[in-house]
Amino acid sequence: MILLISDLHLEQERPAISRAFLHFLETRAAHAQALYILGDFFEVWIGDDAITPFQRSIAQALRNLSERGTRIYLMHGNRDFLIGKAFCQEAGCSLIPDPCVIELNGERTLLMHGDSLCTQDIGYMKLRRWLRNPIALFILRNLPLSTRHKLARKLRNESRTQTRMKASEIVDVTPDEVPRIMAAHRVRTLIHGHTHRPATHQLQVNGEAAQRIVLGDWDQQGWALLVDRQGLQQSAFELAAD
6 MILLISDLHL
16 EQERPAISRA
26 FLHFLETRAA
36 HAQALYILGD
46 FFEVWIGDDA
56 ITPFQRSIAQ
66 ALRNLSERGT
76 RIYLMHGNRD
86 FLIGKAFCQE
96 AGCSLIPDPC
106 VIELNGERTL
116 LMHGDSLCTQ
126 DIGYMKLRRW
136 LRNPIALFIL
146 RNLPLSTRHK
156 LARKLRNESR
166 TQTRMKASEI
176 VDVTPDEVPR
186 IMAAHRVRTL
196 IHGHTHRPAT
206 HQLQVNGEAA
216 QRIVLGDWDQ
226 QGWALLVDRQ
236 GLQQSAFELA
246 AD
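Residue numbers for the sequence shown follow this note's numbering, beginning at 6 and rising by one.
Be a bit skeptical, because a hint or two may be false.
Unchecked claim - Listed next, the in silico DSS-like pairs over lysine-lysine satisfying Cα-Cα at most 30 Å (straight line):
#, residue 1, residue 2
1, 159, 90
2, 90, 155
3, 159, 131
4, 131, 155
Unchecked claim - Simulated DEER-style distance windows between Cβ atoms:
#, residue 1, residue 2, range
5, 72, 212, 40 to 50 Å
6, 57, 28, 29 to 39 Å
7, 133, 112, 46 to 56 Å
8, 154, 68, 49 to 59 Å
9, 231, 139, 34 to 44 Å
10, 243, 68, 24 to 34 Å
11, 156, 18, 16 to 26 Å
12, 57, 144, 35 to 45 Å
13, 180, 112, 34 to 44 Å
14, 28, 180, 19 to 29 Å
15, 188, 147, 20 to 30 Å
16, 113, 154, 24 to 34 Å
17, 102, 61, 18 to 28 Å
18, 226, 206, 18 to 28 Å
The hints are simulated quantities; they were obtained by calculation from the structure and are not laboratory data.
Just so we're clear, the structure is a prediction, and the values are computed from it rather than from any experiment.
Beta carbons are placed, not taken as given, at the ideal position from N, Cα and C, and that holds for glycine.
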């Protein structure tokens with residue numbers, strides 16, 4: 006059994022989600038061969054050198070799961086792309102690239118966070134290219150902590166404001182981009198998060214039936230995609246009350 010999740014946006018200010026995730030690790034994930042976290046695991050990450058006690062407690066919970074035998078794979082999202090090797094070593098997980106092709110039930114499957122599919126959001130795509138540039142990443146990681154905190158708050162507030170102002174189709178994936186990238190990676194299944202619009206979309210790629218599975222975000226409820234011999238099935242579950 007393999008589990009895939011994304012967009013938990015973990016932060017100390019939302020304890021119900023953190024509790025639900027810790028319970029998820031102790032129950033469902035404890036029986037999984039592997040757990041894939043496809044980005045935006047944390048609401049914000051300004052560098053491994055700025056890890057908070059809350060974030061360290063999450064890392065310890067992941068390590069506990071890893072030491073029990075579940076392999077953990079983490080992909081960067083648009084909120085936590087500064088997560089580095091130090092956190093992964095502490096958490097007992099492996100950082101995987103975006104995009105990444107793996108095999109699920111004997112079939113090549115493409116994993117992505119999903120933000121790079123939103124090509125109609127021209128302003129965001131320009132910012133993304135700059136932020137993911139190795140030189141920019143080096144500069145960001147070496148800025149003073151206070152500066153990184155201010156920059157993270159600024160980017161977070163601007164992102165929320167612009168998302169509210171933009172048309173829904175702008176902040177969703179570009180329909181033509183999906184079959185293009187699936188064809189480029191020779192897959193018929195794409196799994197991603199980012200848009201917070203959980204669903205399974207049927208489409209055609211090079212004349213063949215294909216599917217795009219959008220993972221749900223953890224907010225009013227949690228979401229997980231289960232992969233076993235029966236196939237791929239995404240389900241939601243309620244968060245415990247505060």
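Verification of the hints:
no.: 1; hint: 159 x 90; result: holds, 25 Å
no.: 2; hint: 90 x 155; result: holds, 23 Å
no.: 3; hint: 159 x 131; result: holds, 17 Å
no.: 4; hint: 131 x 155; result: holds, 21 Å
no.: 5; hint: 72 x 212: 40 to 50 Å; result: holds, 46 Å
no.: 6; hint: 57 x 28: 29 to 39 Å; result: violated, 21 Å
no.: 7; hint: 133 x 112: 46 to 56 Å; result: violated, 29 Å
no.: 8; hint: 154 x 68: 49 to 59 Å; result: violated, 26 Å
no.: 9; hint: 231 x 139: 34 to 44 Å; result: holds, 36 Å
no.: 10; hint: 243 x 68: 24 to 34 Å; result: holds, 27 Å
no.: 11; hint: 156 x 18: 16 to 26 Å; result: holds, 19 Å
no.: 12; hint: 57 x 144: 35 to 45 Å; result: violated, 23 Å
no.: 13; hint: 180 x 112: 34 to 44 Å; result: violated, 23 Å
no.: 14; hint: 28 x 180: 19 to 29 Å; result: violated, 37 Å
no.: 15; hint: 188 x 147: 20 to 30 Å; result: violated, 39 Å
no.: 16; hint: 113 x 154: 24 to 34 Å; result: violated, 41 Å
no.: 17; hint: 102 x 61: 18 to 28 Å; result: holds, 25 Å
no.: 18; hint: 226 x 206: 18 to 28 Å; result: holds, 21 Å
Taken one by one, the earlier hints fail for this structure at numbers 6, 7, 8, 12, 13, 14, 15 and 16, listed in ascending order.
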